[in-house]
Amino acid sequence: MNRAPLIFLGIFFAIAFSWTGIVLTNHLGYAKLQPVFNEDEGKAFPQRLPGEAIRGKEVYRDLGCVYCHTQQVRHAGYGVDLERGWGERGSVARDYIHEKRVYLGTMRTGPDLRNVGARFAGEGGRDWHIQHFYDAQITSKGSIMPNYRFLFETRPIVGEPSPKAVQSKLPPQYQPPAGHEIVLTQRGEDLIAYLLALKDGPLGPDETSRLYVPKEEPKKEASQPEAAK
Amino acid sequence: MSATLTASLNPASSPDVAQRAELSAIDASTKAPALYFLGSSVLWLIVGTVFALIASFKMHSPTFLGDIEWLTFGRARTLHLNAVIYGWSVNASFAVALWLMARLSRAELRHAGLLLIAAIFWNVGVTVGMVGIAIGHSTSIEWLEFPAYATPILFFAYAFVGAWAVATFRFGRSKHIYVSQWYLLAALFWFPSLYGVAQVMLVFEPTRGTVQALVNWWFAHNVLGLWFTPIGLAAIYYFLPKVLGKPINSYYLSVLGFWSLAIFYNWAGVHHLIGGPVPVWVQTAGIAASFMMVVPVIVTGLNQHLTLVGSASALKYSPTLRFIVFGGVNYTLTSLAGSLMSMRSWAEITHFTHYTVGHAHHGMYAFFTMVMFGSIYYILPRILLKEWPSAKLISLHFWATAIGITIYVVGLSLGGILQGIATNMTHGPDASIIPYLSNADVKGIIEITLPYLQVRSYSGVLITIGHLAFAVNFVWMLVQPRPVGATAPTLFRPAPDLEAAR
Amino acid sequence: MSDDQKKSNLPPHVPAPQHERAEQAGANDQSIQKVHAILLREKEEPSEGFTPMPLFLLGIISTMILVCSIYVVHYRGDFDPLVYDHRYDAVAAKAAASGPKVLTPEQFVAAGKRQYATCVACHQASGLGVAGVYPPLAASEWVLGNEERLIRVLLHGLNGPIQVKGNTYNGLMPAFGKVPGGGYNWSNERIAQVLTYIRQEWGNTAAPITTEKVAEVLKAEAARTKPWTQDELKPFE
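Residue numbers (this note's numbering), protein chains in the order written: chain P, 306 to 534; chain B, 81 to 582; chain H, 6 to 242.
By construction, these hints were calculated from the structure, which means they are not laboratory data.
You may find that some hints are simply not true.
[Claimed, not checked] Below 30 Å or equal to it, Euclidean Cα-Cα: the simulated DSSO-like pairs (lysine-lysine) are:
1) Lys-337(P) x Lys-348(P)
2) Lys-472(B) x Lys-48(H)
3) Lys-255(B) x Lys-396(B)
4) Lys-446(P) x Lys-405(P)
5) Lys-446(P) x Lys-523(B)
6) Lys-48(H) x Lys-396(B)
7) Lys-183(H) x Lys-218(H)
8) Lys-504(P) x Lys-405(P)
9) Lys-474(P) x Lys-472(B)
10) Lys-255(B) x Lys-48(H)
11) Lys-504(P) x Lys-48(H)
12) Lys-348(P) x Lys-231(H)
13) Lys-224(H) x Lys-183(H)
14) Lys-348(P) x Lys-183(H)
15) Lys-474(P) x Lys-446(P)
16) Lys-472(B) x Lys-111(B)
17) Lys-472(B) x Lys-396(B)
18) Lys-239(H) x Lys-504(P)
19) Lys-326(B) x Lys-48(H)
20) Lys-183(H) x Lys-469(P)
21) Lys-218(H) x Lys-239(H)
22) Lys-170(H) x Lys-446(P)
23) Lys-218(H) x Lys-504(P)
[As the list claims (entries may be wrong)] Derived list of chain P stretches under chain H, where covered just means 3 residues or more per stretch with a C-beta under 8 Å from a C-beta of chain H:
24) 421-427
25) 502-516
Even for Gly, the Cβ is constructed at its ideal location relative to N, Cα and C.
Starting from the given sequences, assemble the full structure and let the hints guide the process.
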């Protein structure tokens, strides 16, 4: 008896079944997700990244940041992502609908970056990133993040010093030799722009109405143990 | 006709000399492609090992080679992964799968020279992909980092290999389909399906939002489960009874093990997204499937264990058997650990930690790679008609890699668990129980894991020594002249039973 | 069936076509030795035994399937693609969605602690700051003093020299409120939460700050576009 066709059929259906269940159903299910307008903020969320940040995401991709940093916040009561200040709420699928590439990540050697733009913002945030990329030890002693000196350029000053020079933001031991200045390369500028733009908006009503609500009195809430203190 | 003639000329040999003659012809037909695949796999193994060491050292000494952009951690790690997966593991699986398929189907590989084209294309594809990653064209999609321009080359090469293997099965003289062949056929079909779908839905026309993550882990976990695992199990199912000279314990257990793997492994990949922004029901289904993976693992483990029982002393002599059994035992262990890791309460701690890295190496190295080593120790003498030059180097290879990977997995698992506990203890009554792990910020967590990352580097050095021993033995075997007359197998020690082959 | 299969697994002892090499090999003892030396010592090609399946295994498997089915039903999240929490309960969620959400004082402080994750980079988890660079918050007169002044510092930021607990620091405090030029744009509620937190942590025991109070100050300073200096804040001491 030749059982090869039977075996092949089984092999085929095993994979077709999982593809249908895991990929196809959700491909269809998430196709209808749209941005939601938020009255308080006067904007629709999720927002698209500005052009500079989109270029910065390419730098994030080619340097392999995803292997040490996640971009997903676990919901209240599962892990302590919220308590660590990595977000105000768990991530939902709608947050990612504009992203051509989704870098959820599976490893947290460093902190989650989904809302890093909320933690480090504005001019001060930019300065922090400049120090951190030049040498992570400046801002975070003991960090094992590599230096990204190749995102900077040390060059001789020709004529007027550049207004974009960044060495004034670095501690004394990192100063360039006399007559030189340190500037960010375009890739460095873009990457920082991306990190400054990484931030989720408020939750839409469809997700808010599907949050877990504990049945007990708030005192015994398992999802908010920090309140116990 | 010739069979009887041969038997009469050499009465000392076993009565089925004709079968041996057939095997001889089959082995000879696989020589060119198998040798090419194996040679390149060993080369990629060394390349991958070098990048592994670089990445591992960078993890605890970030300034090591720190200012070289193409060797920054994010790229060195990626280069390591792709070199050992698509370079070493897939090349080795091609050789082993083709050789096993030809033998079990009782068919010569026809026009095997054409397979060399596939072999060349595959390695060109891997090289192009590796260079692409080094210069910053990685996709940063885990397990699919090769840039889009490398994949058509790989796909073309795979189509050749797959078609050849299936054709060999189709035109084989064997009427019976042995359990190894089920696994091989399944793997040969599953891999291109997975790879094709993942390329289209992630690289060429990325699907929407987090569905990408679902495709990614459906692919990446299934490459392990539906390509490497079946090939590894096919090899164990062949070499275990072959070396021991007795049948696999139970046909029924083989059937159950195969089909439960086909059904459950397919769904297990979602456990990489527990707690993530994908529907909770898919996560739950993935967890249930991961839990059900206990069935094929126990069944397969039982089947192989019951086959080995009573013949375990052969482990003292046969290199092939020792590598294969080490791999088989670790298949059981890593799979059970994987089922445990997918439980929500356990994943809450170990997800996002070095524990996962340890687990990945447990599966890909302690199981799959060790089985491939064992297979190569058996296959190469048959296709080269030479013996392995040094038993000492084989012994060094085994102990260095076996001890190295054990330290690796144990060390990273411990480090990962501590990392996970520290990450999850920012507050609350738990905090006072283990003060050392409580209230650690990200820097504190790194401090806790640092010793384990250093242990990883040391174990990596040990594994590297093993790989070098293997590579030296391999090259030595290639260059040594073919012996005249009968030769004895290279065993760890003289075997009482002369037929205890490798 | 088993006999049949065992038989079919054995070679039929008929030389296959295209076996020139093997046939040549059979021609004399020398070449047999050469070509087959390694093969001759090999054992049989593998075959399968037919030990029946142990019954306890079927029992275990059935139990596992049962357990998994219960698990899937329990944590199915309504099979709703927008549910991400495995503890989701459709009935409770609908009931809660209709009522307004008010935080208890404890939850208010806890939320403030989460917001403080942003402040940690400079003021440290201990609230002690960094000597000479970032001023402390613990037992600081700026934190414990007039809430009007504290709210203003957080809303618009502070630049220039500042004295805290007798030491002088160079103020670099960014603006956190929804003010022009501020990168953070925190809601009034978040600002009230984090201020309440720092006023009640590290042994500090000042009164909480309400969202309404922050909104009031923001309204009063609507015209302001740049950070405060220490001197400008004198009136609110």
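Here is how each hint holds up against the structure:
| no. | hint | in the structure |
| --- | --- | --- |
| 1 | Lys-337(P) x Lys-348(P) | holds, 20 Å |
| 2 | Lys-472(B) x Lys-48(H) | holds, 25 Å |
| 3 | Lys-255(B) x Lys-396(B) | violated, 35 Å |
| 4 | Lys-446(P) x Lys-405(P) | violated, 35 Å |
| 5 | Lys-446(P) x Lys-523(B) | holds, 8 Å |
| 6 | Lys-48(H) x Lys-396(B) | holds, 18 Å |
| 7 | Lys-183(H) x Lys-218(H) | holds, 15 Å |
| 8 | Lys-504(P) x Lys-405(P) | holds, 16 Å |
| 9 | Lys-474(P) x Lys-472(B) | violated, 59 Å |
| 10 | Lys-255(B) x Lys-48(H) | holds, 20 Å |
| 11 | Lys-504(P) x Lys-48(H) | violated, 65 Å |
| 12 | Lys-348(P) x Lys-231(H) | holds, 25 Å |
| 13 | Lys-224(H) x Lys-183(H) | holds, 11 Å |
| 14 | Lys-348(P) x Lys-183(H) | holds, 14 Å |
| 15 | Lys-474(P) x Lys-446(P) | holds, 17 Å |
| 16 | Lys-472(B) x Lys-111(B) | holds, 26 Å |
| 17 | Lys-472(B) x Lys-396(B) | holds, 14 Å |
| 18 | Lys-239(H) x Lys-504(P) | violated, 36 Å |
| 19 | Lys-326(B) x Lys-48(H) | holds, 9 Å |
| 20 | Lys-183(H) x Lys-469(P) | holds, 28 Å |
| 21 | Lys-218(H) x Lys-239(H) | holds, 19 Å |
| 22 | Lys-170(H) x Lys-446(P) | holds, 27 Å |
| 23 | Lys-218(H) x Lys-504(P) | holds, 27 Å |
| 24 | 421-427 | holds (count 5) |
| 25 | 502-516 | holds (count 6) |
Going through the hint list in order, the structure does not satisfy hints 3, 4, 9, 11 and 18.
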